[in-house]
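Participant: With these hints in hand, go ahead and build the complete structure from the sequences.
Residue numbers (our numbering), protein chains in the order written: chain S, 1 to 369; chain R, 1 to 325.
By construction, these hints were calculated from the structure, which means they are not laboratory data.
Ideal placement from N, C-alpha and C gives every residue a C-beta, glycine not left out.
One or more hints might be untrue.
[To be verified] Pairwise CB distance ranges (calculated):
| hint | chain 1 | residue 1 | chain 2 | residue 2 | range |
| --- | --- | --- | --- | --- | --- |
| 1 | R | Leu265 | S | Thr56 | 31 to 41 Å |
| 2 | S | Ile204 | R | Gln190 | 24 to 34 Å |
| 3 | R | Val79 | S | Ile290 | 28 to 38 Å |
| 4 | R | Ile156 | S | Ile204 | 43 to 53 Å |
| 5 | R | Asn231 | S | Phe335 | 48 to 58 Å |
| 6 | R | Lys90 | S | Phe112 | 28 to 38 Å |
[Unchecked claim] Computed footprint of chain R on chain S, listed as stretches where at least three residues anywhere in the stretch have a Cβ under 8 Å from a Cβ of chain R:
| hint | region |
| --- | --- |
| 7 | 126 to 132 |
| 8 | 307 to 317 |
[Stated by the list, open to error] Straight-line Cα separation of at most 25 Å, PhoX-like style, residue types lysine-lysine; simulated pairs:
| hint | chain 1 | residue 1 | chain 2 | residue 2 |
| --- | --- | --- | --- | --- |
| 9 | R | Lys92 | S | Lys197 |
| 10 | R | Lys92 | R | Lys32 |
| 11 | S | Lys319 | R | Lys32 |
| 12 | R | Lys32 | S | Lys197 |
| 13 | S | Lys197 | S | Lys319 |
| 14 | R | Lys198 | R | Lys92 |
| 15 | S | Lys319 | R | Lys90 |
| 16 | R | Lys172 | R | Lys198 |
| 17 | R | Lys198 | R | Lys174 |
| 18 | R | Lys198 | R | Lys90 |
| 19 | R | Lys90 | R | Lys32 |
| 20 | S | Lys211 | S | Lys325 |
| 21 | R | Lys172 | R | Lys32 |
| 22 | S | Lys211 | S | Lys328 |
| 23 | S | Lys325 | R | Lys92 |
| 24 | S | Lys319 | R | Lys92 |
| 25 | S | Lys197 | S | Lys325 |
| 26 | R | Lys174 | R | Lys32 |
Here's the letter readout for the chains.
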Amino acid sequence: MFDIVSFLVSWFPIFSIYAILALCLNMEIGYTGMANFGLVAFYAIGAFVAGYTSMTIFLSFYGYNYPIYSLDAIITMGKIAGRTPWLNISVFILSLILAFLVAGLAGYLVSFPTLRVGPAFLGITILSFGEMLRVFMKHFQPTGGSYGLLGIPHPFAWVSDPLIKNLLFVIVTLVILILVFIYFELLANSPYGRALKSIREDEIASLCLGKPVPRIKAELLFVASGVSGIAGALYVFYLGSVAPDMFVTAVTFEVWSMVILGGRGNNMGAILGALIFSLLNRATAILNFIFLDLLIDPNYIRWMITGILIIIVLMYRPKGILAEKTVKTDAWRIFGEAQRDWDRITAMIQVANRYLKRAFHWLIGRETK
Amino acid sequence: MEVPRELINTTWYTCLYSLMAVPLTLSYRTSKVLNFAHGIYITIGAYIPVFISRGLGISVSPIIAILSSFTAGAILAMVSHLAVFSPLIKRKATPVTLMIASMGLWIFIKYALYAALSILQRSWMTQLTYTNPNIDIPSSISFMGIEINARLLLTILLVIVVFTLLTLFLMKTKTGMAIRAIADNPELAQLTGISREKTLLIAWAISGGIAAIGGFAWSIFAYVSPETGDNLILQVFACSVIGGLVSLSITFIGAIIISSAENLLIILLNRYFGVELSFRPFLSFLILLLTILIRPPAGAGGGLPYRYKITGYISRLLRRREENV
Numbered sequence: 001m002f003d004i005v006s007f008l009v010s011w012f013p014i015f016s017i018y019a020i021l022a023l024c025l026n027m028e029i030g031y032t033g034m035a036n037f038g039l040v041a042f043y044a045i046g047a048f049v050a051g052y053t054s055m056t057i058f059l060s061f062y063g064y065n066y067p068i069y070s071l072d073a074i075i076t077m078g079k080i081a082g083r084t085p086w087l088n089i090s091v092f093i094l095s096l097i098l099a100f101l102v103a104g105l106a107g108y109l110v111s112f113p114t115l116r117v118g119p120a121f122l123g124i125t126i127l128s129f130g131e132m133l134r135v136f137m138k139h140f141q142p143t144g145g146s147y148g149l150l151g152i153p154h155p156f157a158w159v160s161d162p163l164i165k166n167l168l169f170v171i172v173t174l175v176i177l178i179l180v181f182i183y184f185e186l187l188a189n190s191p192y193g194r195a196l197k198s199i200r201e202d203e204i205a206s207l208c209l210g211k212p213v214p215r216i217k218a219e220l221l222f223v224a225s226g227v228s229g230i231a232g233a234l235y236v237f238y239l240g241s242v243a244p245d246m247f248v249t250a251v252t253f254e255v256w257s258m259v260i261l262g263g264r265g266n267n268m269g270a271i272l273g274a275l276i277f278s279l280l281n282r283a284t285a286i287l288n289f290i291f292l293d294l295l296i297d298p299n300y301i302r303w304m305i306t307g308i309l310i311i312i313v314l315m316y317r318p319k320g321i322l323a324e325k326t327v328k329t330d331a332w333r334i335f336g337e338a339q340r341d342w343d344r345i346t347a348m349i350q351v352a353n354r355y356l357k358r359a360f361h362w363l364i365g366r367e368t369k
Numbered sequence: 001m002e003v004p005r006e007l008i009n010t011t012w013y014t015c016l017y018s019l020m021a022v023p024l025t026l027s028y029r030t031s032k033v034l035n036f037a038h039g040i041y042i043t044i045g046a047y048i049p050v051f052i053s054r055g056l057g058i059s060v061s062p063i064i065a066i067l068s069s070f071t072a073g074a075i076l077a078m079v080s081h082l083a084v085f086s087p088l089i090k091r092k093a094t095p096v097t098l099m100i101a102s103m104g105l106w107i108f109i110k111y112a113l114y115a116a117l118s119i120l121q122r123s124w125m126t127q128l129t130y131t132n133p134n135i136d137i138p139s140s141i142s143f144m145g146i147e148i149n150a151r152l153l154l155t156i157l158l159v160i161v162v163f164t165l166l167t168l169f170l171m172k173t174k175t176g177m178a179i180r181a182i183a184d185n186p187e188l189a190q191l192t193g194i195s196r197e198k199t200l201l202i203a204w205a206i207s208g209g210i211a212a213i214g215g216f217a218w219s220i221f222a223y224v225s226p227e228t229g230d231n232l233i234l235q236v237f238a239c240s241v242i243g244g245l246v247s248l249s250i251t252f253i254g255a256i257i258i259s260s261a262e263n264l265l266i267i268l269l270n271r272y273f274g275v276e277l278s279f280r281p282f283l284s285f286l287i288l289l290l291t292i293l294i295r296p297p298a299g300a301g302g303g304l305p306y307r308y309k310i311t312g313y314i315s316r317l318l319r320r321r322e323e324n325v
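Facilitator: Shown next as structure tokens:
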């Protein structure tokens, strides 16, 4: 009944996608202090761009003229998806790049009116942007309206064994997650990352110190939105379909709770939060599957736990499970905590040395001064 | 005499949006918490008459429905202040933290409502989503030969009474003055002997209660579902942003602007430019963006203390000078 391999295969891509989203949000809220309540908008943009480009390229490559949301197109895609491995792979890479660029550009444009106003207005505007986009996609016919797109070609559709196909996809998502993690970790520990933290702590002070605050914020919003667009593209290739109602505001909350529970300003914390919440997500799915007729949908309970958890963590452990670490600069290595640790170790060695000396003198019967 | 449907709708939406948006501005101004859980007060206010009429199987008189909605919203807002916002403010939380906490509260109450509805639906054996409460209102009143929709009349009366009472309360009574003092300068107000905690509690109760009355007004206008408040949150926020999250009267004007854009402007655009009617929320979002661009609420949202100058930006681009902000 319960197959551990298929569970892992279905859980790992979800975990990687949520972890990428949590890392992006952590860059925005944890390092820069920008309250991005519309993360789901950029996720959706990435998803729709990936779906649209891959369907269009495949259909035009094989010379079909159907609109990409029609039933004919879905049936045709089922036939032609596994024929040309190089096309699948190159379309996959191209859609990831396009998703990054388009979502990043959207983030950059949204940042334009909102950089000068405070966190409250930024939150309102981006939240409304996400809702707006969902309503727009519901009535936008070229991507299939509210039904969305179906039959998006899997990048490894040419592999006949489904287990190997899914394993390859798991490996790809994990590699992307690791790359994103390394990039953000390097960014956070660079001088640029320290400028970000100075903006979080005091915007006006860092402006007075000569940091171009609006430009830095816009750049960061570009990068983080672009990477969440990549996450959206991965989600589309994982599911094989995309519809506007997958991108409700609740998705943003889920990512927010991951970052807050794991620890703001700590990339490992974001990944830990993603681990916890993606497991919770799978657990409710399994509960729903086993008990068909429950009085209360387990999803409601999950959301209630999420909401209460956010409040409790903010009150009693505002730093999250993994608290923010010190930035590892050269100066810190010389003068900071590391130096203090080194001093402590040398002091301990000296004490041990003295005891050893005393013991040796006692053995040979001489008195220690 | 036939009044155009669009005008009636505009009036109706103006009343609804003003009842929902003014308390949001009031609560932000006094407590400096941007409350994302505001939508849930509206939803609860809309559901209380449904619960009463379905649970007891009777049709409720409008006055009882309004009072019970107000009480429920006020209690919910006070509880959320006492349990969440007040402890966080004591722990010196930042505005962003308070926003996140209000978001957590929003999710919790919303899904608790969903869970309660699914239990009640089983036990009462009735449909509780997408319903209307049973309220004792005649469908239309004949006044000097003109047929007037009684529900619309009740909503307009409600707006007039609520805002008159609110204005009198804020301007004439001591508690109202204390609320205004806390909103303008909390430290100075506390020095004169005003209890910040008590005043904030009263302000929360009023804002939650009025939002719940807005929910009641929605319930006699259209169907009620657990998503009612959330679907309206964009328009409500847009009204409050027009008011700069500071001014109650400009928020009311914002409600007029948003409702006429959604009901009149979209008809014009549809007739002359072929814009689809479903693009309605776009106009609200556009107005929100334009407000932020043209009339930036500097300082109110805790932003950088400089103004946004689009002409300066363009001229700087033309001169190709290094951008030094």
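Participant: Against this structure, judge whether each hint is valid.
Facilitator: Comparing the hints with the structure gives:
Remark: the range hint 31 to 41 Å for Leu265/R to Thr56/S is upheld by a beta-carbon distance near 35 Å. In this structure the hint that Ile204/S and Gln190/R lie 24 to 34 Å apart at CB holds, the actual value being about 25 Å. At roughly 36 Å, the beta carbons of Val79/R and Ile290/S sit within the given window of 28 to 38 Å. Checked against the hint of 43 to 53 Å, the C-beta distance between Ile156/R and Ile204/S comes to roughly 46 Å, which is consistent with it.
Remark: the range hint 48 to 58 Å for Asn231/R to Phe335/S is upheld by a beta-carbon distance near 56 Å. Between Lys90/R and Phe112/S the C-beta distance comes to about 37 Å, which sits within the given range of 28 to 38 Å. With 5 residues carrying a beta carbon less than 8 Å from a beta carbon of chain R, the region 126 to 132 of chain S meets the three-residue requirement, and the given coverage holds. Three residues within the 8 Å Cβ limit are the bar, and the region 307 to 317 of chain S against chain R gives 7, so the coverage statement holds.
Simply put, Lys92/R and Lys197/S have alpha-carbon atoms about 19 Å apart, close enough for the 25 Å limit, and the pair holds. Our distance criterion of 25 Å between C-alpha atoms is met by Lys92/R and Lys32/R, whose separation comes to about 13 Å. In summary, the hint linking Lys319/S to Lys32/R is supported, as the alpha carbons are separated by about 22 Å, within the 25 Å threshold. For the proposed pair Lys32/R and Lys197/S, the alpha carbon gap of about 24 Å is at most 25 Å, so the pair holds.
Taking the CA atoms of Lys197/S and Lys319/S, the gap is about 15 Å. The hint holds against a cut of 25 Å. Straight-line distance between C-alpha atoms of Lys198/R and Lys92/R comes to about 18 Å, which keeps the hinted pair within the 25 Å bound. Of the pairs offered as hints, the one joining Lys319/S and Lys90/R holds, with about 17 Å between alpha carbons and a cut-off of 25 Å not exceeded. Simply put, Lys172/R and Lys198/R have alpha-carbon atoms about 18 Å apart, close enough for the 25 Å limit, and the pair holds.
Distance check on the hinted pair: Lys198/R and Lys174/R sit about 13 Å apart at the alpha-carbon level, within 25 Å; holds. Proposed proximity of Lys198/R and Lys90/R is supported: the alpha carbons are some 14 Å apart, at most 25 Å. Between Lys90/R and Lys32/R the alpha-carbon distance is near 14 Å, which keeps this suggested pair within the 25 Å criterion. Our distance criterion of 25 Å between C-alpha atoms is met by Lys211/S and Lys325/S, whose separation comes to about 23 Å.
Proposed proximity of Lys172/R and Lys32/R is supported: the alpha carbons are some 23 Å apart, at most 25 Å. Under the criterion of a C-alpha separation no larger than 25 Å, the hint pairing Lys211/S with Lys328/S is consistent with the structure, at around 21 Å. Annotation: proposed proximity of Lys325/S to Lys92/R holds, straight-line Cα distance about 21 Å (limit 25 Å). Distance restraint check for Lys319/S and Lys92/R: the Cα-Cα separation of roughly 14 Å lies within the 25 Å cut-off, and the hinted pair is therefore satisfied.
Pair hint Lys197/S plus Lys325/S holds up; C-alpha atoms about 12 Å apart against a cutoff of 25 Å. At roughly 21 Å between alpha-carbon atoms, Lys174/R and Lys32/R fall within 25 Å of each other, so this suggested pair holds.
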